[in-house]
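In case you want the letters, here they are:
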Amino acid sequence: MSHYKIIFTGPVGAGKTTAIASISDQAPVQTDASASDMTKSRKAATTVAMDYGIMKLAGGEKLHLYGTPGQERFDFMWDILKTGGIGLILLLDNTRADPFQDMRFFLDAFKDFIDKTQVAIGVTQMDLSSTPTIDDYHTHIQGLGINPPIFAVDPRAKKDVSILIQALLYSLDPELEE
Amino acid sequence: MKINQKPLQLALHGMDERAQKMMAMFLHGPCQGAAMVVANSQDAQANVIDADMARSQAVLNDIVDKHPEKPVIVLSVQDSQPGQEKLIHVKKPVTSARMLTAVEQAKNLIALNTGPSTEMQPDSSPADTQDCQVALLKTINIGNDDRAKISKHQAAMNMDEQGFSAFIGIAPNIDFSDPGQVVLASYNAKLHFQGIVQAAYKFAFEKVRAINLGSGWKPLLIFPDNREIWLDADDKMLRAFAGIKMNSPSPTIAVIDERTYTAVNGQPEKFQDMNAFLWKLAIWTSKGRYPQELDITKPVYLKRWPEFTRWLITPHALRIAALLIQSPRTMMNTAQVLNINPRYVFVFISAAHAVGLVGQTQRESDDKIETPAHKPNVRKGLMSRIISKLRRD
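Residue numbers (my numbering), protein chains in the order written: chain A, 1 to 178; chain B, 179 to 571.
Heads up, a few of these hints could be off.
Said to hold, decoys possible - Cβ-Cβ distance ranges computed for the label pairs, FRET-style:
1) A/A58 <-> B/A441: 50 to 56 angstroms
2) A/E177 <-> B/L362: 24 to 30 angstroms
3) B/G341 <-> A/E61: 27 to 33 angstroms
4) B/K368 <-> A/T131: 52 to 58 angstroms
As the list claims (entries may be wrong) - Facing chain B, a subset of chain A residues (Cβ under 8 angstroms, in silico):
5) E61
6) L107
7) F113
To be verified - Chain B regions said to be covered by chain A (calculated; three or more residues, Cβ under 8 angstroms):
8) 221-228
9) 480-490
10) 498-509
In case anyone wonders, no lab produced these hints; they're calculated from the structure.
Virtual Cβ for every residue (Gly too), placed ideally from N, Cα, C.
Hey, can you work out the whole structure from these sequences and the hints?
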């Protein structure tokens with residue numbers, strides 16, 4: 001059976017672990033532990049290896065949900081994760097000092113993968129920081145030559161995460177039937 | 179790349195324990211043991227700092243002051259900054275090739291250093307590092323208590339075909355199964371509350387001031403700075419009023435006084451996002467018709483994706499958006515490609531047009547745009563099952 005994945009990426013504290021937990025059909029495997037340096041101010045735990053969840057589909061097939069490590073220091077694991085991926089979910093934390101820089105960084109890091117698939121962007125923590133607005137993100141991304149879905153997302157809300165993934169899939173094929 | 183045999187000993191700054199372990203694995207594996215992490219910075223031959231942490235410059239200055247003889251490898255998402263020529267810059271994501279080059283540079287610098295000092299000072303304390311992080315967070319203005327404005331952050335309703343007529347209403351005198359009637363199914367927003375609201379939005383933005391719109395119904399307060407409205411009415415009431423035709427609307431606009439400000443701030447749950455409000459108002463005004471301003475024979479295009487996690491989702495709205503983002507199409511062609519009733523396209527276009535997301539090609543040449551042939555999707559079955567699962571749960 002084929003191994004299909006959706007990859008969740010983004011900076012520390014953007015909500016990747018929570019988003020995967022929101023839609024996974026089984027308790028996601030996490031590799032969190034308490035953080036002791038820069039990540040401590042943002043979240044009590046951070047992901048060093050990866051998060052992993054599963055969506056069980058009709059017919060016994062499974063969709064695998066992988067979250068990349070929150071730290072942007074390494075790329076060797078990303079290459080492993082991208083293999084077999086059908087699309088990318090990028091989560092951005094709106095309270096970070098420069099979320100646009102985060103967006104550029106991750107879009108650049110996954111450029112080859114996005115060129116072959118699609119990306120959908122979720123902006124988290126907008127109830128804490130209402131700027132930049134979703135409009136601002138669209139304006140900023142225009143120069144990068146892509147026009148992906150960009151939504152405000154509460155990663156704890158299954159519905160938000162579900163709509164973000166649906167938008168990703170329809171971006172890949174609008175003719176998919178509801 | 180041929181590297182010196184003995185591993186370079188590195189002290190890490192701005193990384194937690196597990197990130198340090200990851201770096202140790204990275205140096206041992208992908209970097210073939212060219213360097214190793216040492217726990218005690220006194221044993222280190224060089225320092226590595228994550229420059230993307232808050233106030234990293236202060237920490238870096240401290241390292242350089244205390245250990246001027248030791249090379250410093252700086253990991254950053256940014257390019258090398260002016261004044262950092264003496265540092266060894268490694269741009270993130272850190273690849274083994276970049277790291278090996280940096281390690282080699284550090285070894286060369288150590289070899290050139292003729293008077294190394296082995297006097298070591300303690301690293302900056304963890305407390306210092308934690309203090310640095312405070313600046314990483316933007317100033318967050320909770321004073322406005324945006325979280326109390328719950329309607330702005332709630333997921334919008336996602337509607338299917340079965341619920342459409344009951345929730346949206348039925349356009350009078352139009353049989354959407356009759357192709358001859360469908361193309362005539364337009365409406366004039368200016369004859370409804372929608373048109374009054376759109377004109378008031380424009381006024382508020384031009385004058386850059388909050389206004390109180392009177393329309394013979396409940397007052398609507400518009401706050402262009404925050405892109406919010408305040409209305410003392412629920413969706414059911416709004417839906418009913420949206421459908422009423424106003425043959426000679428005579429709205430009034432007034433400045434919001436201090437007493438009103440105080441009163442509405444005491445009811446934050448009645449604030450709504452301006453565009454989310456106009457989006458649903460247009461849906462309830464349209465009832466499946468298209469805006470009169472648009473030419474049904476010309477292609478329309480979508481400037482960007484609507485905010486579907488916060489705005490009302492009509493049937494097939496995500497599919498329509500995905501298709502129109504790819505290329506301009508006429509409304510009828512969109513319905514045909516997606517094999518759906520045109521009223522679902524019309525209602526989506528009405529809402530997107532109201533908030534300024536839809537454009538129509540005007541040049542004659544644009545009418546001849548060939549829509550791209552759709553590539554067969556080998557994963558269609560799998561993706562349909564994912565969609566089905568997501569919509570069911």
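Quiz item: Hint by hint, which ones does this structure get wrong, listed from lowest number up?
Solution: Hint check: 4, 6, 7 and 8 fail, others pass.
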